Amino acid sequence: MLLEVEHINVYYGAIHAIKDVSFSVNEGEIVTLIGANGAGKSTTLDTIAGLLRSKTGDIRFNGQSVAHMPAHKVVAEGLALVPEGRRVFAQMTVEENLEMGAFTQAASTVEPNLKRVYEQFPRLEERKNQTAGTLSGGEQQMLAMGRALMSQPKLLMLDEPSMGLAPILVEQIFDIIRQLHEAGTTILLVEQNAQMALSVADRAYVLETGRVTLSGTGSELARSDEVRKAYLGG
Amino acid sequence: MEFLSYLISGISLGSVYAIIALGYTMVYGIAKMLNFAHGDVIMVGGYMSFVAMSALHLPGWVSVLAGMAVCTVLGIVIEALAYRPLRSAPSLAVLITAIGVSYLLQNSAQLIWGANPISYPPVVSGTLHLFGGQLSISYVSLVTVAACILIMLALTAFTSKTKMGKAMRACSEDKGAAQLMGINVNRTISLTFAIGSALAAVAGVLLCSSYPTLMPTTGSMPGIKAFTAAVFGGIGSIPGAFLGGLLLGIIESMAKAYLSTQLSNSIVFAVLIIVLLVRPAGLMGKYVPEKV
Chain E
121 MLLEVEHINV YYGAIHAIKD VSFSVNEGEI VTLIGANGAG KSTTLDTIAG
171 LLRSKTGDIR FNGQSVAHMP AHKVVAEGLA LVPEGRRVFA QMTVEENLEM
221 GAFTQAASTV EPNLKRVYEQ FPRLEERKNQ TAGTLSGGEQ QMLAMGRALM
271 SQPKLLMLDE PSMGLAPILV EQIFDIIRQL HEAGTTILLV EQNAQMALSV
321 ADRAYVLETG RVTLSGTGSE LARSDEVRKA YLGG
Chain X
-13 MEFLSYLISG ISLGSVYAII ALGYTMVYGI AKMLNFAHGD VIMVGGYMSF
37 VAMSALHLPG WVSVLAGMAV CTVLGIVIEA LAYRPLRSAP SLAVLITAIG
87 VSYLLQNSAQ LIWGANPISY PPVVSGTLHL FGGQLSISYV SLVTVAACIL
137 IMLALTAFTS KTKMGKAMRA CSEDKGAAQL MGINVNRTIS LTFAIGSALA
187 AVAGVLLCSS YPTLMPTTGS MPGIKAFTAA VFGGIGSIPG AFLGGLLLGI
237 IESMAKAYLS TQLSNSIVFA VLIIVLLVRP AGLMGKYVPE KV
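As you go down the protein sequences, you meet chains E and X in turn.
Quick note: to get my numbering, add 120 to the position in the first sequence (first position is 1).
With the first letter of the second sequence counted as 1, position 59 gets the number 45 in my numbering; the numbers rise by one all the way through.
Any given hint could be a false lead.
Which chain X residues face chain E? A few, computed with CB under 10 Å, are given here [as the list claims (entries may be wrong)]: (1) 70; (2) 72; (3) 73; (4) 146; (5) 152; (6) 158; (7) 164; (8) 166; (9) 168; (10) 171.
In silico EDC-like links for lysine to aspartate or glutamate, alpha-carbon gap of 20 Å or less [stated by the list, open to error]: (11) 161/X <-> 215/E; (12) 149/X <-> 231/E; (13) 161/X <-> 204/E; (14) 149/X <-> 215/E; (15) 248/E <-> -12/X; (16) 149/X <-> 302/E; (17) 147/X <-> 231/E; (18) 274/E <-> 302/E; (19) 193/E <-> 160/X.
Calculated directly from the structure, the hints in this document are not laboratory data.
Since the model is a prediction, treat every value here as computed from it, not as a measurement.
We treat Cβ as the ideally placed atom computed from N, Cα and C, and that holds for glycine.
Make a model of the complete structure from these sequences and hints.
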């Protein structure tokens, strides 16, 4: 198993946001966490990335515990998070943003990885000298994903990559997720767009108010009555 | 010719303000705090170079380096002990702490060197006479302006070309996202304090060489004015600090020459108020709306 999350409990002050959540991701899989707004999906990813701390349990990546590692060290282990809302560095150029993604990597990897990212996202190469703040929402999402790929992650975590995007761009982003998966990247995907997420996922977990309430393969959950009623509109 | 001489002394004074303002603006840009102890680091730089020259008999340029080394360490220590524990505290708590650190430095200097002004041996002396003696420019002024331009160019190159410089800009935009890139935010903030404090030491030496008295409160007025310069130019912006510092120095020098020596400070601050009324983000500052 590439990632094992075991019995984590996360609090925001007095609010118990994540209640005894456990799940795992195998190498080469796309696993998705779905659930309503406020179910704790982003909190879970932020905790794995080291931005938040769990009071209990453990998070193991590649057999090693990352539960107490500061966020800036987690990246170097091969775990990259594309945060909710993209959070590109708006006043820096597209290429500088990508260079920041490679911060933990040896200088010699930057050129070949830049080339790979530009092949994957030709639009970014066209705009490499523009500041990231001038990009459209879809382009910013591509930049945020490209930036994370610059660290050559073993596991790519995507937090709401389709948020705020037009339907045609949502399709594009999910095409890219499929391509990355085919190229061998392991992906942990958090989405409110449950239909799209379940269509690409090998396995899925449903989060409800901080707890895992259901799990199964993507197609199992897409057929399940409970999921259809709650998240797929009947 | 008189005008030219006032202009040159204004540019020289403004260069000192600009060097100090760079420290304010870089620290604000990354830590989002006003380090009101910054002015007193100037004073420490002055005393340290004084000790190096008069007690240890080191040459001028070595004492500048000694002052820079001590202030660099001082900046890192102040940040680690006083400000880092308050990283997620309300900004008012940080501001009051900064004022506390400022008094701590002033009073420590008073304990060590006493409250009386001492006369500072200029690091650079001599005067350049031009136009048959009609225009005199001290070498200190020339060195000050040259140092300011050099520092400005070096900092611009650092923030736009080097990995650590870019990381600094990334941290000042979004600390969370910077951490996700693998950037150690605490170390980057520490580096910013180190650079700002080393520059404060340079400013201290240049200031004391132009106005050769030194006492524990020497840094406060230039510190406040450099802070004004940083806000004037647009706080957080490096070229803004440069422009704000120069303009402030020129305005002060002109006000002293043509309006009133006593009122020169009031005029400087009045200009700040007017600029902020017209352009709240400062001359080169960008108004960035808060995202909700």
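Structure-based check of all given hints:
Here the hint on residue 70/X is broken, as its CB sits about 14 Å from the closest CB of chain E, past 10 Å. A least Cβ separation of about 18 Å between residue 72/X and chain E goes past the 10 Å threshold, and the interface hint is therefore violated. At a threshold of 10 Å, the smallest CB-CB gap from residue 73/X to chain E is about 13 Å, leaving the interface hint violated. Given hint, residue 146/X at the interface with chain E, holds; its Cβ is 9 Å from that chain's nearest Cβ, closer than 10 Å.
Hint status for residue 152/X: holds, given a least beta-carbon distance of 6 Å to chain E, under 10 Å. Look at residue 158/X: its Cβ gets to within about 9 Å of chain E, closer than 10 Å, so that hint holds up. Checking residue 164/X against chain E by beta carbon gives a least distance of about 7 Å; that is within 10 Å, so the hint holds. Residue-level restraint check for residue 166/X holds (minimum Cβ-Cβ distance to chain E is 5 Å; threshold 10 Å).
A cut of 10 Å between beta carbons decides the hint on residue 168/X: the least distance to chain E is about 4 Å, and the hint holds. With its C-beta approaching chain E no nearer than about 7 Å, residue 171/X sits inside the 10 Å limit, and its interface hint holds. Between residue 161/X and residue 215/E the CA atoms are separated by roughly 19 Å; this keeps the pair inside 20 Å, and the hint holds. Of the supplied pair hints, the one linking residue 149/X and residue 231/E holds, its CA atoms being roughly 14 Å apart against a limit of 20 Å.
For the given pair, residue 161/X sits about 15 Å from residue 204/E by alpha-carbon distance, which is consistent with the 20 Å threshold. Among the hinted pairs, residue 149/X with residue 215/E is consistent with the structure: their alpha-carbon atoms are about 13 Å apart, no more than 20 Å. A C-alpha spacing of about 51 Å is found between residue 248/E and residue -12/X, which places the hinted pair above 20 Å, so the restraint is violated. About 32 Å separates the Cα atoms of residue 149/X and residue 302/E, which puts this hinted pair outside 20 Å; it is violated.
For the hint pairing residue 147/X with residue 231/E, the CA-to-CA distance comes to about 16 Å; that is within 20 Å, so the pair holds. Between the alpha carbons of residue 274/E and residue 302/E the distance comes to roughly 14 Å, so the proposed pair stays at or under 20 Å and holds. Proposed proximity of residue 193/E and residue 160/X is supported: the alpha carbons are some 17 Å apart, at most 20 Å.
Hints 1, 2, 3, 15, 16, counting from the list given before, are not met by this structure.
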